[in-house]
Amino acid sequence: MNKTLSILSWIAVGLLGAAAVGVIAVRRGEPINALWLVVAATCCYALGYRFYSKFIATKILALDALRATPAERLENGRDFVVTNRWVVFGHHFAAIAGPGPLVGPVLAAQFGYLPGMLWVLAGAVFAGCVQDFVILLFSVRRDGKSLTEMAKEEIGRVGGFVAYTAVIAILVILLGVAALIVVNALKDSPWGTFTIAMTIPIALLMGLYLRRIRPGKVLEVSALGFVLVLLAIWGGQWASQNSTMASVFTLRAPTLAILIIVYGFAASALPVWLLLAPRDYLSTFVKLGTIALLGIGIVALHPTLHMPALTRFIDGTGPVFAGKVFPFAFITIACGAISGFHALISSGTTPKLIARETETRIVGYGAMMAESAVAVMAIIAACVLQPGIYFAINSPAGVVGQTAVTATATISSWGFPVTAGDMQALAHAVGEQTLFNRTGGAPAFAVGMAHIFSQSLGGATVMALWYHFAVMFEALFILTILDAGTRVARFMIQDALGHIYKPLGRTSWYPSILATSALVVGAWGFFLWQGVKDPLGGINSLWPLFGIANQLLATVALCVATTIIIKMHRTRYAAVTLAPLAWLVAVTFTASWHKILDPNPRVGFLAQARVLEAGPATSATARLIFNNRLDAALTAVLVVMVALVLIESVRQWIAVLSGREEARVKESPFVMTRLAEERG
Amino acid sequence: MSRVVEVVRIVLATLREIFDEAAYERFLRRSQMMSSTEAYAAFRQEFEAAKARRPKCC
Numbered sequence: 001m002n003k004t005l006s007i008l009s010w011i012a013v014g015l016l017g018a019a020a021v022g023v024i025a026v027r028r029g030e031p032i033n034a035l036w037l038v039v040a041a042t043c044c045y046a047l048g049y050r051f052y053s054k055f056i057a058t059k060i061l062a063l064d065a066l067r068a069t070p071a072e073r074l075e076n077g078r079d080f081v082v083t084n085r086w087v088v089f090g091h092h093f094a095a096i097a098g099p100g101p102l103v104g105p106v107l108a109a110q111f112g113y114l115p116g117m118l119w120v121l122a123g124a125v126f127a128g129c130v131q132d133f134v135i136l137l138f139s140v141r142r143d144g145k146s147l148t149e150m151a152k153e154e155i156g157r158v159g160g161f162v163a164y165t166a167v168i169a170i171l172v173i174l175l176g177v178a179a180l181i182v183v184n185a186l187k188d189s190p191w192g193t194f195t196i197a198m199t200i201p202i203a204l205l206m207g208l209y210l211r212r213i214r215p216g217k218v219l220e221v222s223a224l225g226f227v228l229v230l231l232a233i234w235g236g237q238w239a240s241q242n243s244t245m246a247s248v249f250t251l252r253a254p255t256l257a258i259l260i261i262v263y264g265f266a267a268s269a270l271p272v273w274l275l276l277a278p279r280d281y282l283s284t285f286v287k288l289g290t291i292a293l294l295g296i297g298i299v300a301l302h303p304t305l306h307m308p309a310l311t312r313f314i315d316g317t318g319p320v321f322a323g324k325v326f327p328f329a330f331i332t333i334a335c336g337a338i339s340g341f342h343a344l345i346s347s348g349t350t351p352k353l354i355a356r357e358t359e360t361r362i363v364g365y366g367a368m369m370a371e372s373a374v375a376v377m378a379i380i381a382a383c384v385l386q387p388g389i390y391f392a393i394n395s396p397a398g399v400v401g402q403t404a405v406t407a408t409a410t411i412s413s414w415g416f417p418v419t420a421g422d423m424q425a426l427a428h429a430v431g432e433q434t435l436f437n438r439t440g441g442a443p444a445f446a447v448g449m450a451h452i453f454s455q456s457l458g459g460a461t462v463m464a465l466w467y468h469f470a471v472m473f474e475a476l477f478i479l480t481i482l483d484a485g486t487r488v489a490r491f492m493i494q495d496a497l498g499h500i501y502k503p504l505g506r507t508s509w510y511p512s513i514l515a516t517s518a519l520v521v522g523a524w525g526f527f528l529w530q531g532v533k534d535p536l537g538g539i540n541s542l543w544p545l546f547g548i549a550n551q552l553l554a555t556v557a558l559c560v561a562t563t564i565i566i567k568m569h570r571t572r573y574a575a576v577t578l579a580p581l582a583w584l585v586a587v588t589f590t591a592s593w594h595k596i597l598d599p600n601p602r603v604g605f606l607a608q609a610r611v612l613e614a615g616p617a618t619s620a621t622a623r624l625i626f627n628n629r630l631d632a633a634l635t636a637v638l639v640v641m642v643a644l645v646l647i648e649s650v651r652q653w654i655a656v657l658s659g660r661e662e663a664r665v666k667e668s669p670f671v672m673t674r675l676a677e678e679r680g
Numbered sequence: 001m002s003r004v005v006e007v008v009r010i011v012l013a014t015l016r017e018i019f020d021e022a023a024y025e026r027f028l029r030r031s032q033m034m035s036s037t038e039a040y041a042a043f044r045q046e047f048e049a050a051k052a053r054r055p056k057c058c
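Respectively, the protein sequence lines represent chains C and H.
Residues in the first sequence are numbered from 1 upward in steps of one, following the working numbering.
Residues in the second sequence are numbered from 1 upward in steps of one, following the working numbering.
Just so you know, these hints were derived from the structure itself, not from any lab.
Glycine is no exception: its CB is placed at the ideal position from the N, C-alpha and C atoms.
Be careful, since some hints might not be right.
[Claimed, not checked] Straight-line C-alpha distance at most 27 Å; calculated BS3-like pairs for lysine-lysine: (1) K567/C - K502/C; (2) K145/C - K567/C; (3) K59/C - K51/H; (4) K533/C - K324/C; (5) K3/C - K59/C; (6) K51/H - K152/C; (7) K502/C - K145/C; (8) K567/C - K152/C; (9) K533/C - K666/C; (10) K324/C - K51/H; (11) K51/H - K145/C; (12) K533/C - K145/C.
[What the hints assert, rightly or not] Partner residues aside, some chain C positions facing chain H, computed with beta carbon under 7 Å: (13) L74; (14) Q424; (15) R487; (16) A582; (17) V585.
[Said to hold, decoys possible] For the chain C half of the interface with chain H, some residues (derived, Cβ under 8 Å), not all of them: (18) G77; (19) D79; (20) F80; (21) V82; (22) G156; (23) V158; (24) L174; (25) L219; (26) L344; (27) G398; (28) G401; (29) A484; (30) G485.
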């Protein structure tokens, strides 16, 4: 009876999911309710988890609850700790959920909600979740080894080298793009800048409280910090209305860029002083709270989506970023569907906490589903806006025009009516002077989020507070990623340089600290400066570059996974990782081709350099030409690396399948768990 | 009721793990120290080196 009920329930979930996806895919010409997206996502995740992840767990990975994990075998109370699966789930989700799943889907909404939504669902269920799950399990079976080490052992030295280089490249580009998003969100915004500036004394206070008053009570002090941040948001309104304060906190993009570069260098070079750790905790607290609030707000309000399913910009003429829906929608969505960066976390701290192999399914596959759900929320937040407003916020002045009148006229001529009055009223409602040309995705997301929150809680009168809460939320945790990412990159470079000259590898030797910090900050600072000075909006070309680098790392992770699956004699199921790998290769190669060689100067770096060369020379022309050529060279290097890893992997597969090489996986030997007896 | 208590317990444990309170407790157990300003400073010193190498995703 129970089995029959279960079968009928799953059939109902399948039918409901199919109906919801059908409505999303087929409905044209009239707005749909956001609840359809929520229902489609819930059903797809439920079906994917129940059936697809179970198929992978039993048929391919053969998860063994009796096999002791490294957390049990190597327990040391520090890195290796047997931990409750839900606790590991929370830990893993907090590490993988960054600004990517929020910003990427907002930018990709220029194609309409349909391409982004379909890719977020299919990409997560068939690619992203699978990658995170299998890499986590393979790392658990190898004493928690990192992706780079597994790539070196299973594919060869080239795989290891490419994984290492890709990580550095992603970090550098990501940090540059992330910093640019913060600059675009805070420029000419005294309220936002004041609130973010206030997080520094708040963090100092939290640090003192933690050290002197209540040592170790992080949760308690983070809650206190959260309340103080809310007060800082409220105080920002006063600062923006006070002429003296407003003039101090109204900063132009280049000034903000310099401040952020200085902050990044200080965060990397100085010892971890009172400020950094408390900021990290504060940002985590705000992040988890806001994501939960947004989810509740969307379900409670179930707003109408005003963006059409498909816009005319699928042809590649989009103002937010140029390029056709294929491949650029799939590059832009990034972490909401699949992220190579997750493979680093799945082979980092998480495998050292897993108590049983069977728990890798909920942690690896399940946490990525939760991240994908965050991307669905971002799509909804962007698409609840009137399309004209969405495009006015996200389009750079170089595309739509410098003034409010020309911008609204251009956007209205595309079939998305908007007036200068609408934009002025919206800017006034959220406490900004203007919302035109606020590129980067963060301000549009903040407006969408404020729209949802204000309708659920407090009404239009508190829209400005919610908007600045959203801006603060994004800026705060992007800044946390900036300082954490800069330090991670610095350590990686120091590790590598230590092989050449030993003192350079010492993380406490100040000449090395200063030199490597300057190297990392200089690298991402270059991309930030390039973005600030780019007349086409910077994010236009930088975000696809980040997407390509991130997908490259996912390609390496899937190459490692496929190689191990073949070596495990599960070749007939290799399509589980081979299919997403093939898709990613198609996307990455096509996108790279366009970014380097496309004759459209808004898409191709070299075409843009040629146009600049042919046009009137200004003081910035030579630098912009150099930037474009450098971006083209960087993209070419990335794509050559993909090709190298692929060739190495295919060579391995052929050698194993033809019997020329023994299929030997580098797993740790089986040890029977003691936890099974303890738990019964 | 017991199910609700269990959920609350897990949520709190998750937050304590994310916010390193659980790591601090393990440190105190391992080093057989009582919680104090000095103990917390020693914990941060030991912990930061590992934490700074931990990547965070985008």
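Checklist entry - Can you name, in rising order, the numbers of the hints this structure does not satisfy? => result 1, 3, 9, 10, 12, 13, 14, 16, 17, 20, 21, 22, 23, 27, 28
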